[in-house]
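*Asks:* Protein chains in written order, with this note's numbering: chain A, 1 to 130; chain B, 131 to 260.
A portion of the hints provided could be inaccurate.
[What the hints assert, rightly or not] Covered by chain B, per the in silico footprint, the following chain A stretches (three or more residues, Cβ under 8 Å): (1) 12-23; (2) 27-33; (3) 50-63; (4) 90-104; (5) 112-118.
Derived by calculation from the structure, the hints in this document are not laboratory data.
Just so it is clear, the structure is predicted and the values come from calculations on it, not from any experiment.
All residues carry an ideal CB built from backbone N, CA and C; glycine is no exception.
2 protein chains.
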Amino acid sequence: MSFYEKLKFNADGLIPAIIQEQSTGRVLMLAWMNRASLEKTMATGRTVFWSRSRQTFWMKGETSGHVQAVKEVAFDCDGDTLLIQVEQIGAACHEGYHSCFFRSVVDPGTGAYHVTEKQSQTPEEIYGKK
Amino acid sequence: MSFYEKLKFNADGLIPAIIQEQSTGRVLMLAWMNRASLEKTMATGRTVFWSRSRQTFWMKGETSGHVQAVKEVAFDCDGDTLLIQVEQIGAACHEGYHSCFFRSVVDPGTGAYHVTEKQSQTPEEIYGKK
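Start from the sequences, fold in the hints, and give me the full structure.
*Replies:* Pasting the structure below:
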């Protein structure tokens, strides 16, 4: 049986994909796929998402060069979430951090937070000045 | 500034929370929180989600005993996803696997998959016979 038959896309035809760096276990980002972008991901070995804001495909790294080579694709018990292991070239985050999850709460009472990693590049360095 | 001000809940008032086991880096599950369940999570140090199907709060482990002790709460660049590090007691998955992501694709062409971990308990052992 194909895993596609186990997947449940939401009312918009989308499924969330957690992207994890295989070599470090670091969770890098979460983005959304539709069936076609998942098929492109499987066929090319590069993550391809569906942009909800722009209503278009986007291959991760198509502008920045920060592509993700797919190493493993897992799916959860309910079939409504993907977990994709990748090798990340450069920074995953468009803000120039290795992971999009670069801020953590330090005080559960107030919700105060801090930045937990160094910014490796500025967005201008990645994408050029706008 | 509080991290609550950085978060964007979706049209249903929900935000996805990736749950990762801090000691192993294993991604255990993804579930949804609303603002109130996130506040309960922060206040109690145990993960509390919002069930979309039952439209109610559920503290992870309230029936099974398989609670999650919150170790760290991170959020992403867009403020629309949480990444919560936990200590997991017992199995995270209601099917008795340590992680809900216990199946992976083995053939990207056909989508054939296999089970990647041992089932530590059956659902009957966790929840009793129904």
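*Asks:* Now look at each hint and say whether the structure bears it out.
*Replies:* Hints and how they fare:
Note: the stretch 12-23 of chain A has 3 residues with beta-carbon separation from chain B under 8 Å; the three-residue rule is met and the coverage holds. Here the stretch 27-33 of chain A counts 3 residues with a CB under 8 Å from a CB of chain B, which clears the bar of 3, and the coverage holds. Here's how the stretch 50-63 of chain A fares: 0 of its residues keep a CB closer than 8 Å to some CB of chain B, so the rule of at least three is not met and the hint is violated. Judged by the Cβ-Cβ criterion of 8 Å, the stretch 90-104 of chain A is covered by chain B as claimed, because 9 of its residues qualify and three suffice.
Beta-carbon proximity to chain B at under 8 Å applies to 3 residues in the stretch 112-118 of chain A; the threshold of 3 is reached and the given coverage holds.
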